[in-house]
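A.B. asks: Here are the chains, one letter per residue:
Protein chains: 2
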Amino acid sequence: MTERNYQPGEFYDYPLIIKKLLNTPLIYAPDQEIVYRDKMRYTYRDLNERIHRLANALEKKGIQPGDTVAVFDYDSNRFLEAFFAVPMMGAVLQMVNWRLSADQIIYTINHAEAKLIVINTDFLPILETIREKLDNVEAVVVIAEHGTIPETRVAIDAVYEEMLADALPEYAFPDLDENTKATTFYTTGTTGDPKGVHFTHRQLMLHTLSAAVALGAYETIGRFRSDDVYMPITPMFHVHAWGLPYVATLLGVKQVYPGKYEPEMLLKLIANEKVTFSHCVPTVLQMIATSPSAKACDLSRWKVIIGGSKLSRGQAKAAKSLGITVYTGYGMSETCPLISLSVPPKQMKDWDEDRMLDIVVKTGLPLPLVEFEVLDDDGKPLPHDGMSAGEVVFRTPWLTRSYFKALEKTKALWQNGWLHSGDVGHIDENGYLQITDRVKDVIKSGGEWVSSLDLENILSQHDAVLESAAIGIPDEKWGERPMMIVVLKPDFVDKVTPDDLKQHMKQAAQDGKLPKYGVPDRYEFVDEIAKTSVGKLDKKVMRRLYR
Amino acid sequence: MTERNYQPGEFYDYPLIIKKLLNTPLIYAPDQEIVYRDKMRYTYRDLNERIHRLANALEKKGIQPGDTVAVFDYDSNRFLEAFFAVPMMGAVLQMVNWRLSADQIIYTINHAEAKLIVINTDFLPILETIREKLDNVEAVVVIAEHGTIPETRVAIDAVYEEMLADALPEYAFPDLDENTKATTFYTTGTTGDPKGVHFTHRQLMLHTLSAAVALGAYETIGRFRSDDVYMPITPMFHVHAWGLPYVATLLGVKQVYPGKYEPEMLLKLIANEKVTFSHCVPTVLQMIATSPSAKACDLSRWKVIIGGSKLSRGQAKAAKSLGITVYTGYGMSETCPLISLSVPPKQMKDWDEDRMLDIVVKTGLPLPLVEFEVLDDDGKPLPHDGMSAGEVVFRTPWLTRSYFKALEKTKALWQNGWLHSGDVGHIDENGYLQITDRVKDVIKSGGEWVSSLDLENILSQHDAVLESAAIGIPDEKWGERPMMIVVLKPDFVDKVTPDDLKQHMKQAAQDGKLPKYGVPDRYEFVDEIAKTSVGKLDKKVMRRLYR
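Those protein sequences? They're chains A and B, same order as listed.
Just so we're aligned, residue 34 is where the first sequence starts under this note's numbering, counting upward by one.
Just so we're aligned, residue 34 is where the second sequence starts under this note's numbering, counting upward by one.
A few of these clues could be false.
No farther apart than 27 Å at their CA atoms in a straight line, the calculated lysine-lysine pairs in the BS3-like style are these [to be verified]:
no.	chain 1	residue 1	chain 2	residue 2
1	A	307	B	382
2	B	336	A	382
3	B	528	B	510
4	B	307	A	382
5	A	214	A	52
6	A	510	A	528
7	A	72	A	293
8	B	413	A	52
9	B	442	B	564
10	B	52	A	413
11	B	549	B	539
12	B	350	B	535
13	A	94	A	214
14	B	522	B	301
15	A	350	A	301
Don't read these hints as lab results, they were simulated from the structure.
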């Protein structure tokens with residue numbers, strides 16, 4: 034019953050550890066379902082048993098407290114099982130971004146000192162090319178969801194489902210120190226080696242509680258509560274799918290994991306499983322919204338947090354026209370990730386669509402236990418006037434303590450007791466944060482700052498524009514001038530000229546939405562915009578291309 | 034901006050302190066109202082300013098971190114201000130139960146080493162009789178809500194509102210260690226000296242977050258969210274009004290403080306201020322429900338947690354007939370206090386009234402981060418079968434670490450790493466706890482346990498019964514036999530006999546709701562039932578009387 038002997042009068046110093054989170058759904062919703070595509074369906078009771086089996090199996094394979102277990106998988110129930118079992122036994126879960134280059138994957142696995150790999154057979158071709166270069170990996174477990182294991186040079190130690198079936202269904206998870214490291218993954222900068230961020234049990238627990246309060250106890254347009262049905266559409270390897278699988282589990286909601294992101298399958302799951310709550314990047318929203326099946330699907334109960342890149346007004350309006358409730362969530366790999374939500378407060382409920390769109394595309398209000406400021410060049414906080422822009426800095430209980438084994442980078446991250454985001458933004462008198470740029474992407478024209486996000490947002494409101502990116506290109510007179518890289522909607526190709534778009538931007542400047550010097554001179558039409566492995570605009574590549 | 038210098042790369046170890054809770058409502062709901070009776074009305078922005086002024090004023094009166102400030106007041110905005118200002122400056126808030134005897138009040142104030150007293154002028158007559166015996170009190174601040182200060186022998190150092198008006202509106206609240214003691218008060222046992230319980234910043238913060246999730250993010254009949262209007266009707270001196278003023282503040286809801294509990298004023302506030310969420314003991318619910326104005330008042334939006342004593346089925350039904358949503362909350366002074374809520378899970382929403390009544394009168398399901406068990410005489414957990422009764426024990430992050438300066442009592446409280454409640458109960462297969470008795474009140478007839486709460490609950494369903502108490506009286510043959518002490522409803526006095534009630538109990542035994550040996554032999558009609566200072570049945574007094 035207790036893990037150790039307690040003296041009479043000695044109190045139990047209840048730790049904030051992930052094991053404790055699991056108690057609530059097992060009482061409130063033991064029979065609630067967890068679904069993986071059209072392939073698997075079980076209850077929270079089963080989830081709990083599989084977590085216990087997984088821990089036993091990993092222990093048998095030599096995993097000890099402090100060891101790292103790396104997982105390569107699509108969004109699945111297996112990943113969810115690892116979210117709990119690995120940290121609960123005192124080990125560290127590494128979520129591997131399989132979209133990285135082979136060299137980067139080798140780097141991250143060696144840097145994290147992963148000892149065991151759990152991998153979907155679909156990714157075995159990657160592992161095959163890098164296996165020999167992995168310094169600490171002693172065992173490979175495969176997830177064979179297609180039933181068979183393809184021929185491979187990789188030595189395979191176990192098959193996931195067989196390993197679970199063979200393991201005991203009871204494991205005595207220890208009472209860990211709440212500051213024990215629970216998870217790690219690597220951020221995908223556009224320069225240098227990936228940087229390892231990491232989170233403790235306490236950090237994940239407080240992130241979960243705060244998000245549950247912000248999304249559940251506040252009356253807003255985008256609530257997430259025990260009667261919702263949850264399906265993440267941001268990768269589970271990326272900041273634990275924004276930490277929301279932990280919130281979903283605490284609430285005991287039905288959870289649906291979609292595997293790969295195929296628009297038809299996603300829409301099918303939304304319809305058949307009655308999904309009401311998701312989160313994704315703008316590109317995925319667009320992919321779903323423009324899918325042929327979307328119009329036939331009732332999306333009026335679907336609430337979606339958009340993050341990763343800025344939700345444009347045009348995208349929000351298009352989603353709204355399909356009945357989808359969208360709003361912005363903001364955070365970074367370094368922040369676990371949730372920092373803010375653009376949920377309109379109660380008094381805004383009756384606002385008309387136009388005013389609501391202005392709110393939902395904002396970066397948002399801080400979650401409980403989140404503080405942010407914008408700093409000037411001297412590190413002093415700027416006024417909350419909706420104008421004064423500077424670097425955005427954070428304090429919350431769930432920020433990575435450091436970049437793992439990277440002291441110099443950590444020194445740039447944590448300055449004066451604030452985490453420095455590398456984002457530029459301003460805060461208005463109501464406390465709304467608005468990110469306007471990355472520090473490194475900001476365009477400086479004639480000494481004035483031009484926000485690339487503002488430019489992209491205004492251009493997205495032109496009927497012909499599917500997607501755009503603003504970058505600064507060197508200019509002899511002004512230092513830099515903004516230019517736009519544009520993907521047109523198929524119907525408008527060859528029907529719209531750069532000058533049409535420039536007229537649109539000029540009009541915006543006349544309407545006071547943009548300074549005059551901010552109107553870009555150059556508009557380049559392309560078929561596709563360069564993106565990073567997690568789907569963000571890759572401006573470094575674009576700047577090189579158009580310089 | 035920061036409280037101390039941080040080295041480059043040094044992270045900010047965000048503490049769970051009450052100061053941080055206040056940030057959220059100031060952003061989400063700065064203009065929301067806080068109301069005190071028909072006497073005062075201001076915004077959260079004002080609350081924040083008054084908290085800063087109060088801290089400055091207390092510091093000027095010599096209050097330092099670690100000092101104790103004792104407050105004697107009705108439920109008011111002043112108490113709410115003290116809930117924040119005193120702990121936020123690192124001092125300890127003592128909530129004084131002014132219903133205790135003069136000797137007990139002297140004991141608690143001296144034992145807590147209170148240095149300053151804030152007192153409503155209504156309570157000056159008490160202070161007058163005890164002032165000389167208070168060892169550490171250096172200053173007395175009066176709350177003069179009637180405008181004038183009555184003549185008194187007590188030396189008065191300041192008047193609350195004047196003191197605030199004179200103080201500076203900015204105070205640099207420190208970043209405390211989250212394990213700093215924040216609040217203390219004394220439990221009112223029926224034997225021995227009052228026992229001091231105490232809670233830290235971390236404990237209050239986690240209690241607040243968990244309660245906000247349980248009441249907000251779960252779809253239940255009794256939710257508490259940002260669009261509710263809150264009015265506590267359990268004293269703020271008693272376990273910080275169940276900690277719910279902290280939850281209300283986090284949510285930024287409108288808060289209404291009723292002062293003294295006068296039924297007409299309470300109903301007026303419910304109607305005029307549109308109160309939707311409260312909590313009280315059964316006696317107060319009954320007082321309100323039977324008030325002449327109740328029928329004219331629309332109570333259909335009013336949700337009330339009932340705690341302190343068992344909510345009987347009869348009371349729940351009567352409340353329901355007035356449109357009130359009631360359910361049970363359970364906790365103790367030692368537990369901060371919330372442990373469980375009888376909120377029916379989602380799948381029960383469509384149940385008929387009878388089945389719902391069975392649920393709402395249960396002790397309930399644990400809040401997130403709460404664990405409970407029932408133990409047999411050897412300290413082993415009993416099966417969750419809805420039958421096996423034993424002492425109820427708890428683990429959560431918000432249990433008092435000890436009885437202050439009372440090692441022997443603490444040794445009885447904390448055994449084997451579990452807080453021992455002194456309550457007897459059982460847990461059913463769905464995880465619902467049901468308290469059936471106090472360990473010391475349990476009736477042992479012929480070696481079998483008879484639950485006094487079961488007897489009271491069954492008898493409450495007789496039309497004639499307003500209130501009842503079951504006690505064990507010595508019996509030569511059986512050891513003890515149960516007897517009932519009964520208050521009849523006014524219309525039934527002289528029309529109902531003890532034998533009528535015995536028939537009712539016999540019928541319940543025939544229906545399987547009660548063991549046959551549990552049917553009481555003796556039924557004593559009284560005008561009033563003995564109660565403790567916080568309104569609980571005082572069975573010690575009754576046992577002495579009827580032995």
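A.B. asks: If a hint holds in the structure, say so; if it doesn't, say that too.
C.D. replies: So, going through the hints one by one against the coordinates:
1. A C-alpha spacing of about 19 Å is found between residue 307 (chain A) and residue 382 (chain B), which places the hinted pair at or below 27 Å, so the restraint holds.
2. This hinted pair checks out: residue 336 (chain B) and residue 382 (chain A) have alpha carbons roughly 23 Å apart, not beyond 27 Å.
3. Using a Cα cut-off of 27 Å, the hinted pair residue 528 (chain B) and residue 510 (chain B) is violated, with the two alpha carbons roughly 33 Å apart.
4. About 19 Å separates the Cα atoms of residue 307 (chain B) and residue 382 (chain A), which keeps this hinted pair within 27 Å; it holds.
5. Of the pairs offered as hints, the one joining residue 214 (chain A) and residue 52 (chain A) holds, with about 14 Å between alpha carbons and a cut-off of 27 Å not exceeded.
6. Among the hinted pairs, residue 510 (chain A) with residue 528 (chain A) is inconsistent with the structure: their alpha-carbon atoms are about 33 Å apart, more than 27 Å.
7. Distance check on the hinted pair: residue 72 (chain A) and residue 293 (chain A) sit about 13 Å apart at the alpha-carbon level, within 27 Å; holds.
8. For the proposed pair residue 413 (chain B) and residue 52 (chain A), the alpha carbon gap of about 22 Å is at most 27 Å, so the pair holds.
9. Proximity of residue 442 (chain B) to residue 564 (chain B) is assessed by CA-CA distance (about 24 Å); at most 27 Å being required, the pair is judged to hold.
10. About 22 Å separates the Cα atoms of residue 52 (chain B) and residue 413 (chain A), which keeps this hinted pair within 27 Å; it holds.
11. The hinted pair formed by residue 549 (chain B) and residue 539 (chain B) meets the criterion: a straight-line CA distance of about 8 Å does not exceed 27 Å.
12. The straight-line distance between the Cα atoms of residue 350 (chain B) and residue 535 (chain B) is roughly 22 Å, inside the 27 Å bound, and the hint therefore holds.
13. Restraint check: the Cα-Cα separation between residue 94 (chain A) and residue 214 (chain A) comes to about 20 Å, which is no more than 27 Å; the hinted pair holds.
14. For the given pair, residue 522 (chain B) sits about 26 Å from residue 301 (chain B) by alpha-carbon distance, which is consistent with the 27 Å threshold.
15. For the hint linking residue 350 (chain A) to residue 301 (chain A), the alpha-carbon distance of about 23 Å falls within 27 Å, and the restraint holds.
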